[in-house]
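Trainee: Residues per chain are reported as follows:
There are 4 protein chains.
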Amino acid sequence: MSAITVSIAGASGYAGGELLRLLLFHPDVRIQQATSERHFGQFVHKVHPNLRGQTTLKFCGMDDLQPCDLLFLCLPHGEAQKRIEHFSQIAPRIIDLSADFRLQNPDAYARWYGQSHLRPDLLGQFVYGIPELHRQQMQTARFISSAGCNATAAILALYPLFKEGLAQANQAIIEVKVGSSEAGNRPNEASHHPVRHGCVRSFKPTRHRHAAEIEQELSFNEAMTAHFSATAIEMVRGVLATAHVFLNRKLSEKDIWKIYRSYYASEPFVRIVKERDGLYRYPEPKLVAGTNFCDVGFELDGSTNRLVVISAIDNLMKGAAGQAVQAFNIMHGLPETRALQFPGLHPV
Amino acid sequence: MSAITVSIAGASGYAGGELLRLLLFHPDVRIQQATSERHFGQFVHKVHPNLRGQTTLKFCGMDDLQPCDLLFLCLPHGEAQKRIEHFSQIAPRIIDLSADFRLQNPDAYARWYGQSHLRPDLLGQFVYGIPELHRQQMQTARFISSAGCNATAAILALYPLFKEGLAQANQAIIEVKVGSSEAGNRPNEASHHPVRHGCVRSFKPTRHRHAAEIEQELSFNEAMTAHFSATAIEMVRGVLATAHVFLNRKLSEKDIWKIYRSYYASEPFVRIVKERDGLYRYPEPKLVAGTNFCDVGFELDGSTNRLVVISAIDNLMKGAAGQAVQAFNIMHGLPETRALQFPGLHPV
Amino acid sequence: MSAITVSIAGASGYAGGELLRLLLFHPDVRIQQATSERHFGQFVHKVHPNLRGQTTLKFCGMDDLQPCDLLFLCLPHGEAQKRIEHFSQIAPRIIDLSADFRLQNPDAYARWYGQSHLRPDLLGQFVYGIPELHRQQMQTARFISSAGCNATAAILALYPLFKEGLAQANQAIIEVKVGSSEAGNRPNEASHHPVRHGCVRSFKPTRHRHAAEIEQELSFNEAMTAHFSATAIEMVRGVLATAHVFLNRKLSEKDIWKIYRSYYASEPFVRIVKERDGLYRYPEPKLVAGTNFCDVGFELDGSTNRLVVISAIDNLMKGAAGQAVQAFNIMHGLPETRALQFPGLHPV
Amino acid sequence: MSAITVSIAGASGYAGGELLRLLLFHPDVRIQQATSERHFGQFVHKVHPNLRGQTTLKFCGMDDLQPCDLLFLCLPHGEAQKRIEHFSQIAPRIIDLSADFRLQNPDAYARWYGQSHLRPDLLGQFVYGIPELHRQQMQTARFISSAGCNATAAILALYPLFKEGLAQANQAIIEVKVGSSEAGNRPNEASHHPVRHGCVRSFKPTRHRHAAEIEQELSFNEAMTAHFSATAIEMVRGVLATAHVFLNRKLSEKDIWKIYRSYYASEPFVRIVKERDGLYRYPEPKLVAGTNFCDVGFELDGSTNRLVVISAIDNLMKGAAGQAVQAFNIMHGLPETRALQFPGLHPV
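Protein chains in written order, with this note's numbering: chain A, 1 to 348; chain B, 1 to 348; chain C, 1 to 348; chain D, 1 to 348.
Just chain A, with the same shape it has in the complex (with noise of 0.2 angstroms):
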């Protein structure tokens, strides 16, 4: 089959470099073009230097878009609203990594965003993009809206708890830990290294929009309330999402174990980490850095029925570029890990 044509918009932020990274490898695939403003006619390698020597693109501006395949989108919040008449007629299948279409209901969407929504009418047409959730949709989808980096990870941990309903509704503490590379790659006062380094900022305490995106993905019969707080800490790449359950009956470790297994054992991506004894008993961020895992974990505390599920995802892997490809694969057809492959490192 003659190679997928794909371009990404936005291509100088640090999900663009991943997905450079990442297409520049994968076999079906032709990367056409890479817009950026700001390094308008620079090769990509100056911004994103470990593809030094892997490729002579060059970016180019928005208006210099050809038609393609597909098109990523990843641009500043709101571009993808205002613009997405004409991406669409650039390419059939769209692939969004902004938050613009990430949540269905119009008024979610303006009392998080503190604004109304220019394409209310396309929401439903976006498939929110964790495949694990929504592989089906994305098979026949035209658009798909790529999930928060956070929320990806916190959806993981506790979607088949409340895919079930085990787990109490409002009673449900969600705490990430994250890196640096989340707030993206503009300089400002709080990313000077001075600063930012060694900090344990809780810079978020309530009212992370990503607590949206969970709301939205983990309430089935009843609402859920997800009572979110992001800390940023010493590092680049990598969320730990620490979230703090109240099952609604009694369970064993063994029975969890099951239930996660039932709905995680065949996904290619999503490993269940619990082990008795050594060094890695739960998911770590560095271990899935550069991957596209997410790791999950959990341990119960039988006597107040507290369940304490840990995952870790690379933000920028499987919490943006890596879970865009790998929609992309299955909006394809393609098998789901090609261009995935990467094992991570050890020690690092």
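Rather than coming from a laboratory, the hints here were simulated on the basis of the structure. The model shown is predicted, which means the values in this text are computed figures rather than measured ones. Be a bit skeptical, because a hint or two may be false.
The list makes no distinction among identical chains, and a pair is therefore deemed to hold if it is satisfied within one copy or across any two copies.
[What the hints assert, rightly or not] Here are the simulated lysine to any residue pairs, SDA-like style, with alpha carbons at most 20 angstroms apart: (1) Lys-204 to Ser-303; (2) Lys-82 to Asp-63; (3) Lys-250 to Asn-170; (4) Lys-274 to Gln-54.
Please build the complex by placing chains B, C and D on the supplied structure of chain A, with the hints as guidance.
Mentor: What follows is chains B, C and D alone, placed relative to chain A:
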């Protein structure tokens, strides 16, 4: 007044090293002896390199201990209760930094430590070492048991709320992010740099022993449950505690501010940190490294009545040696801040 | 062609782990056995957590080794020379990653390692493992001895200059900054996280053994002296070598560029990195982490004729396992880049 | 004696912040004013969070400066020479922490800074700020120019050797490893955490301006050449200087020890660090973080007569504010260690 003579049993560990650092500069103190079986006869600066040129003190053996005014105990778990008779003959006053005498209730001790206490008769004689809660008893105390580092951060974060009966007693989730110095100075597989570096490790999702201290100190009219989890992150010194509690009545952030002010305004080592803007809106461990401060801040999620309280300490200072020296000052009627005035560094 | 069967003796260490990671994805290779006395019978992923879900291989004992096409040796210093007879009966080809067979001259070995070599007769049969210098001999080699990580970085930085006789032979100062993985996977006082974290430690100002390899490989018409020093910094993987040499004739940066190009332009794993602007003007270890690249750059101080040559590698890859797999590919007439194409991550 | 009134021009930077931290605890000093155009009117603790609760001082504007006993200048390059007339009317004594008045020779200034000096007439009136070299002149000095941080580390490492004429004058290679705080508090692309984190960046292989200071201070009977290179590593505070010199006569390590002792034994802030065993055999920046110490150690390679001298300082303390306060103490006949006694932390 003539110097107060003190000795430190178990001075080669991290807490012992901090005590040496603080007491060497304490104008009212003369350090008489510092014991270490492992480093017997060596200069203390061989083990604590920051003391190079500050003292010619050498480690002696436990059996060499001479009578002194006050004895600090920094011994492995279980040693203090085993030798307390002997130690109390050496010194009229004792400050124990181990966990041996933190829990007043022998049953709680047996339940959390998996063995019955050797001297349940003495538990009642030890004052729990957080000055902000037990200053008055300290003034006349003979024995003080310093609090656990994580417990100190959690208790100071939540004390005003539980004392005032404002938080639901069985829904408090407390997550601490901790540095590697908490695990002590003995190398092991888990502390090996290539393994420990950059890790975000959920090492104790449930059943952390410090929960017992928190429940003891925060249970007033009704018993509270501390749903406690600990995550090891890339840091050497420091604890950030993030406590999620649900208020049992409607309060504004201003109301909560007033309550915290009423408890902590006159405390020399508790700072309420809550800024509307700037980079340092909430407590951060690195800003209190080397200091005896416990910074406390909070954010209210009005829509769910969840209050997130954040506190930061240096586990070796306010969480151990600094707290002990503060108690020491109180016991001797000295200004509480003596030898504890280092403000911390920035940037760091 | 049927798979090449390989086994790894000493597979629980960091170099062994990298070999496993690389060879598991090598299309022409079947990993037959991996030995570890310490972890006998355990799944390899218990020791190398990045391989979780990638293989069901378990560690076997040294005596269980079966005949195979090629044997990789990752054993402690001295073991290879002790058992070489036995190993050469197991496999027709051997790649030794230890230091045992790196020095061709038994006297040099005795001088640098403080003991006489057990098999001086074999030293001549081992090809020194840097493909850029010894590719041709490798094609027909039976035995290859992988180069030391620091030596690899230094040699590739300076090879063109000394081969061309352009640098003063006894004034080369080479400083390497190294990560903690160089010291192996056994915990010790120096590798304890609170001690090793953030350290900038001059651990080997003089007499580092890798100097012997550098002098062996860079002495052509006249003997060169490697004035070598090593500093441990806050890093797990990676080496940055900074070599200061004095040119023995007047050259421009352009002349030097041409010389390096003439040596490395066609090398798949050596990149000349020298940009006029941007953030990545010179080699950086983190950009080659997990890759087999050696990036080389330089800057000339025209006023003093000092040339500073900078090179960066991943000590476990181009400095160990990657270099060995590259040699393996050459020995078997395979494309050199096979199983070595990971481009590295950014940001990281 | 009544307090010495001091003001700080340019107090929002890192050096200014350290001056504030030190002077707030200096018993003989009253801080009168601290200027910042950018943060005019704000509390100093908004910019220097470690001063929270330590002072209610607010930043004023440059034009608000009132007469005081001594003025510290922490202004951007060029500002001091431009306004020196005005400043010298405000205060009878000035300590300038910028590079403006470090070089005595206007030609050297023009050569290294690419522009001619505005006040060559004053260069001779500024005492170069390293007390160990210029203590006597400081006692009566009106103007002091603090030394560059890297220059300070290099000069103190090599001073005894060059003063005694023991090192070859044109073969000294000096490599510094530096932290991110050296680049100041303004965010930029290079200081962005995901970029700067974990980097080992050769940012100035040649032509670093501090070389000019080193050559000025270490040239005695003959002009010495400082072959200087700087590498940025994962660290916020600190400099490790590794100096490689070739002795011009045969000396033993004991001889060298005696020479260093003769220069530094009575220095309050220079420690000779050279241990036969233990973890801390040589200087390490993290052990002097927050202190005014310069630790100096060395190792001799007898076979080549290369002496490697290693020194460590905190660039913001002995390399800037601490050095300035030490000079301040000398100028006023105060004990040199006043307000500079913090011993540093361990572990850290």
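Trainee: It remains to establish, for every hint, whether it holds in the given structure.
Mentor: Evaluated hints:
1. Lys-204 to Ser-303: Only across copies: Lys-204 and Ser-303 sit 15 angstroms apart there, 31 angstroms inside one copy, limit 20 angstroms.
2. Lys-82 to Asp-63: within (15 angstroms within a copy, 48 angstroms between copies)
3. Lys-250 to Asn-170: The answer is both: 18 angstroms in one copy and 18 angstroms across copies each meet 20 angstroms.
4. Lys-274 to Gln-54: between (38 angstroms within a copy, 16 angstroms between copies)
Comparing the model with each earlier hint shows no violations; every hint is respected.
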